[in-house]
Amino acid sequence: VSGLRSFVARRLLLGALQTVAVVLLVFALTEALPGDAAVALAGDQPDPARIAAIREAMQLDRPAWERLADWASGLLRGDLGTSLVSGRPVSQYLADGFGPTLLLASLTVVLLVPAGFGLGVLAARHAGRPADRLISSVTLAVYAVPEFALGVLLVTVFALRLGWLPPTAVGYGTDLLAHPAALVLPVLVLLSRPVCSLVRLVRAGMIDALASPYVAQARRYGVSGARVRYTHALPNALAPAAQQLARTVDWLLCGVIVVEALYVIPGLGTVLLGAVAERDVPVVQGLAVVFGVLTVVLNLGADLVAHRLAPRTGVAA
Amino acid sequence: VSAPRPLRTGRFALGLTIVAVPLVLALLGPVFAGDPGPRAASFTLGDGHWLGTDFVGRDVWRQVLHGGRPVVLTALAATALAYLVALPVGLISALTRHRLLEELLMRPLDVLLAVPSLLLILLVATVFTPGAVGLALLVALANVPDAARLVRAAATEAAARPAVEALRMQGETWWRMAVGYVGRSMLRTLAADAGTRLTGVLYLVATAAFLGVGVAPDAADWAVMVDRNRTGLFVQPWAVVVPAVLIVALTTGTNLLFDAALDEGGRRTRKETRP
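If you're matching them up, the sequences are chains D and V in order. The opening residue of the first sequence carries number 1 in the working numbering; numbering runs sequentially from there. The opening residue of the second sequence carries number 1001 in the working numbering; numbering runs sequentially from there.
Bound-form chain D, shown alone:
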């Protein structure tokens, strides 16, 4: 038990350090501006009034560590600062984009788990036969394709040639649930990479588990095939898959940014890209901290779950 507790403690400590590091990194990157930060941020419109306004808004005349302390203590209180461009609070930007992104992400995860495990177990059951070869080849091929290329081709086929689905979500605003047809292509594209990776992991884990001595022993006892598969073999194939599920959060984030840009969905990815284009540093920092901390927490959770499922294999820390 002490081994488990010390693992949990170490993993929690690493998670806390990662959170602090994400905050520091986000702050440091924007501090790394070459020359006068206000001039650099003014970018295409370097008129003196705007430069002065930026300097005042970001309090650039104060030392960096004071600003960091202010910003970090603001983060703890949930105050993410205000936008340089519009003067609105960053939390409002987050609230605006949160709905569509949450909808996309949760739909994707809800479909990802059954599809990934179902296809993975199916492939493992028919290992080496046509069904397995088909699933393995397709997942291997689609796994590598960038979302934007796949997305644009799907739009060309299903929206342009066949006319079955709308090409983008333009005009639907944030109320996407009322227009499910507009969600089909974005969710499909978001699913493409995580599903492939999950299927491959579940397949590999199941094949290993099904070839193991304890499964052979269970079969010798006359335990039914389905029971062997789902109550004995599958749990052992779960540990690596649980970790992969958390890693897909990274991909989901990348995917969400691309998919929202491609299908013109007003979510957090669109907010982030807009802020990057306008060099709206406080908004980018706020979003980056939220995304970064979310990734840290989900990876932490997945490592702890994986450790619970297979305590023998030490994970991460």
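There's no promise every hint is true.
Stretch-level coverage of chain V by chain D, calculated; a stretch enters the list once three of its residues show a Cβ under 8 Å from a Cβ in chain D [stated by the list, open to error]:
1) 1055-1068
2) 1091-1097
3) 1180-1194
4) 1210-1224
For the chain D half of the interface with chain V, some residues (derived, Cβ under 7 Å), not all of them [as the list claims (entries may be wrong)]:
5) Val85
6) Gly87
7) Leu140
8) Gly171
9) Asn236
10) Arg279
11) Ala288
I should point out that these hints are in silico values taken from the structure, not numbers from a laboratory. Glycine included, every Cβ here is placed at the ideal spot set by N, Cα and C.
Here the structure of chain D is known, so what remains is to put chain V in place on it, guided by the hints.
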């Protein structure tokens, strides 16, 4: 689950065929592209242009010939750069007897691993305007933590073998042990990882270019072409479909090719759990 040999050769040939077209276009395309003709109207078809014209009236076929090289070269450079850092860091931390040095080398990478790669790239793009070199550096940086961990895991396994102990007792140099034995014995693992890493790097380079990072807004780059010509998708789909298909072929083909080429080796050196 050993795939019979003809099957593996078949997959190898398939991967090679799929990757050949975009690769040849990327490497030799600029040689055959010729002079840029006069600009025509935007998004037109026919009129001497095989694939029509793009959003500013340039010939799409010529842009396609030019657009592969930046994607391929940036990806190759980023992969090489990532290993250039990851190999020494991983090897040193696996072979050193100073625990502090090991922690000092690996812990910062654990922390960096927590930042999603595209987020890191976008953060930097907020304050700088990175060019192609900057993009390669950024993508390499995003790949270093994972690569270093893999190198360290493979090197630790090799360094625990009796052969290394024998070399050490014979008084062989650190260099000979690290490069001559440990480095050589993990070549297969590294080759397998290089395949998946190159695929991941291609993905990241193309996606960043699509989002406008590291490229000029009117650059001849397949990913940029997909982005900029999207507005004319209903009028002139070729300007989007051709570069998109080439990117799909490039990434898919690379992945299939490496998977088939390293199938056997991957199985022999496969570790129980990947960290």
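A quick look at each hint next to the structure:
{"no.": "1", "hint": "1055-1068", "in the structure": "violated (count 0)"}
{"no.": "2", "hint": "1091-1097", "in the structure": "violated (count 0)"}
{"no.": "3", "hint": "1180-1194", "in the structure": "violated (count 0)"}
{"no.": "4", "hint": "1210-1224", "in the structure": "holds (count 4)"}
{"no.": "5", "hint": "Val85", "in the structure": "violated, 12 Å"}
{"no.": "6", "hint": "Gly87", "in the structure": "violated, 18 Å"}
{"no.": "7", "hint": "Leu140", "in the structure": "holds, 6 Å"}
{"no.": "8", "hint": "Gly171", "in the structure": "violated, 16 Å"}
{"no.": "9", "hint": "Asn236", "in the structure": "violated, 12 Å"}
{"no.": "10", "hint": "Arg279", "in the structure": "holds, 6 Å"}
{"no.": "11", "hint": "Ala288", "in the structure": "holds, 6 Å"}
When held up to the earlier numbered hints, the structure conflicts with 1, 2, 3, 5, 6, 8 and 9 and fits the remainder.
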